[in-house]
Amino acid sequence: MFVPTIRYKRVNEPENGNESSVNQQPIEQEKPTSTQPLSRETKQEQPPQPAKQEPVSATVSTDEKSDDVDDAKNEPTIEVDPSDNERILLTLSDGRKYTADRYCPHAGADLSYLGEIAEDEYPPEIGPVLMCTLHYWEFALEKGGRSGGGISTLNICPVPSESCPVKENKALQW
1 MFVPTIRYKR
11 VNEPENGNES
21 SVNQQPIEQE
31 KPTSTQPLSR
41 ETKQEQPPQP
51 AKQEPVSATV
61 STDEKSDDVD
71 DAKNEPTIEV
81 DPSDNERILL
91 TLSDGRKYTA
101 DRYCPHAGAD
111 LSYLGEIAED
121 EYPPEIGPVL
131 MCTLHYWEFA
141 LEKGGRSGGG
151 ISTLNICPVP
161 SESCPVKENK
171 ALQW
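Sequential numbering from 1 applies to the sequence shown in UniProt numbering.
Hints listed in this document are in silico derivations from the structure and should not be mistaken for laboratory results. Even for Gly, the Cβ is constructed at its ideal location relative to N, Cα and C.
Estimated spans, in silico, between C-beta atoms of each pair: (1) 85 with 124: 28 to 36 Å; (2) 108 with 79: 15 to 23 Å; (3) 113 with 155: 16 to 24 Å; (4) 86 with 160: 14 to 22 Å; (5) 80 with 106: 17 to 25 Å; (6) 84 with 153: 16 to 24 Å.
Go ahead and model the full structure; you've got the sequences and the hints to work with.
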């Protein structure tokens, strides 16, 4: 198993329980550059007044929401197969479904998290491709999961629409 050698720090968390990791030091005021002598009288400075914020009203159009929902329906999806945890279900934007091995044969990456479906980036003779974003290995969906170099394959099969598991409607139908 791959063990990362680089340790990353979290940006938003304080170090060792300190409230802030930034050294807070007072800022010295600049000395005037003019040659006039400074007067002994000091003007009392008024503290800065916070800017008044006017209330902002926001309106949300229902048309925009429906467009976002329609776009989400047209996006290709990758889900874990509910009947087999070792397989994933791939749904293309046109509704075609495929089932594939869940783990990449190259480095064992979980394709339900790291997989991406590329539908239009390749010529029609290759068709849609499942890509592992860990090391960019690609597997053609319509060619049984063969990779570009033919080094490795991912067991990919088309799924007929009637045999695909569907979320059942919980309402009773009489």
